[in-house]
Each structure stands twice: as C-alpha cells, then as structure tokens.
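*Asks:* Based on the sequences and whatever the hints tell you, model everything.
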Amino acid sequence: MVTLRALALDDAEALTRIYSGASVRYTTGKPLPLDQAQEKIRTALARAAETPRAQWSWGILSADQVIGLIALRRRSPGMGTISYILRDDAWGNGYATAATQQAVAFAFSTAGLERLEAMHHPDNPASGRVLAKAGFTPTGTTDLTTDQGTVVPYETYAIQHRTS
1361 MVTLRALALD
1371 DAEALTRIYS
1381 GASVRYTTGK
1391 PLPLDQAQEK
1401 IRTALARAAE
1411 TPRAQWSWGI
1421 LSADQVIGLI
1431 ALRRRSPGMG
1441 TISYILRDDA
1451 WGNGYATAAT
1461 QQAVAFAFST
1471 AGLERLEAMH
1481 HPDNPASGRV
1491 LAKAGFTPTG
1501 TTDLTTDQGT
1511 VVPYETYAIQ
1521 HRTS
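In the working numbering, the protein residues as written are 1361 to 1524.
Note that these hints are calculated values from the structure, not bench results.
Any given hint could be a false lead.
Distance windows between CB atoms, simulated [what the hints assert, rightly or not]: (1) 1482 to 1411: 34 to 40 Å; (2) 1482 to 1424: 31 to 37 Å; (3) 1489 to 1512: 15 to 21 Å; (4) 1461 to 1511: 17 to 23 Å; (5) 1498 to 1469: 22 to 28 Å; (6) 1470 to 1373: 14 to 20 Å; (7) 1361 to 1406: 28 to 34 Å.
Even for Gly, the Cβ is constructed at its ideal location relative to N, Cα and C.
*Replies:* Below is the structure:
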C-alpha cells in the first residue's frame, strides 16, 4: 500500500537516498547531499504555509518508509504540474502510479485544478507508463536544455478533470 504524507525534517536522510544512484539519471544527474535535502524540506514546509498555496510536496511511503517524493505545483488558477521520483530499489512495483493517482485526485478535488501536465525524459519510458496508467495522455514534446547545452526532447502529457 502506498500513502502520501507531508514532508518532515526527519525525512532528509531518506531524500538523500531517493536522490542518488540511478534515480537521478533522468533528473539533475547529481546526488542530493544532506544539507540540500534539509533545505528542500524547509522550502516545502514554507510553501505549505503560503496562502494561496502554490505547491504541495509529499513523501511517498510504503511500509512506513519514505521511498519517493511527489510534488504538485499550481502554475495558473486552473492548471498544475506533477513531478515524482522514487528510490531505484522501489521501481517496478506500482508505487509511482499509485502516488500519481492520489496526487491527481487531490489536485482535482482539494486543490481545485482542472488540468495537470507532466513530462519525462525520453530515455525513461517507465515514467511515461506511470503517467498513462494514471490517466494522462501524450501531448507532444518540450525541448529542455541540459547544463552541458544539449537539447533534450522531453515527452509531455496532460490530464483534464472530468466532471459528470
């Protein structure tokens, strides 16, 4: 079973494990040191206190262990983005899909968003499968430039809130 909960300062060591090894291959490519993990959590806690709220960051838990992080960001009054990362030893178990489904439900019910967007690195098709299982549909690509100046065409996805 996968649950989401707000980050706590005690989660810093878990974040350093999440942002390491193969898990960062399609993100920054760099591990997250403990001091930066602590700052990431402090920033998330500060954003949680903002009104109106523009960002939610949750730890992804399985068996009471923080195995990942998922974030929802409000980009405009009706549109938001979702991003997630899991420890590499947690891949392939449906955890990212379950967490994304929970975040989508929250976005459309509690946050009042009407549309969500997400993207993934083209060499990470598993993330595209996560998004598809959570109800997202492909919308094209967005070119992003790496720190080395290389342009990478990220796959883009969207999901609309269905009211019936």
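*Asks:* Compare the structure with each hint and give your call.
*Replies:* Right, here's what the structure says about each hint:
Our hint of 34 to 40 Å for residue 1482 and residue 1411 holds, since their Cβ atoms are close to 38 Å apart. At about 35 Å, the CB distance of residue 1482 to residue 1424 agrees with the hint of 31 to 37 Å. Distance hint check: the CB atoms of residue 1489 and residue 1512 are about 19 Å apart, consistent with the given range 15 to 21 Å. Taking the beta carbon of each, residue 1461 and residue 1511 are about 32 Å apart, not inside 17 to 23 Å as hinted.
For the pair residue 1498 and residue 1469, the beta carbons lie near 25 Å from each other, so the given range of 22 to 28 Å is met. For the hinted restraint 14 to 20 Å between residue 1470 and residue 1373, the CB-CB distance of approximately 29 Å leaves it violated. Between residue 1361 and residue 1406 the beta carbon distance is about 30 Å. The supplied range of 28 to 34 Å therefore holds.
In this structure, the hints that do not hold are numbers 4, 6, in rising order.
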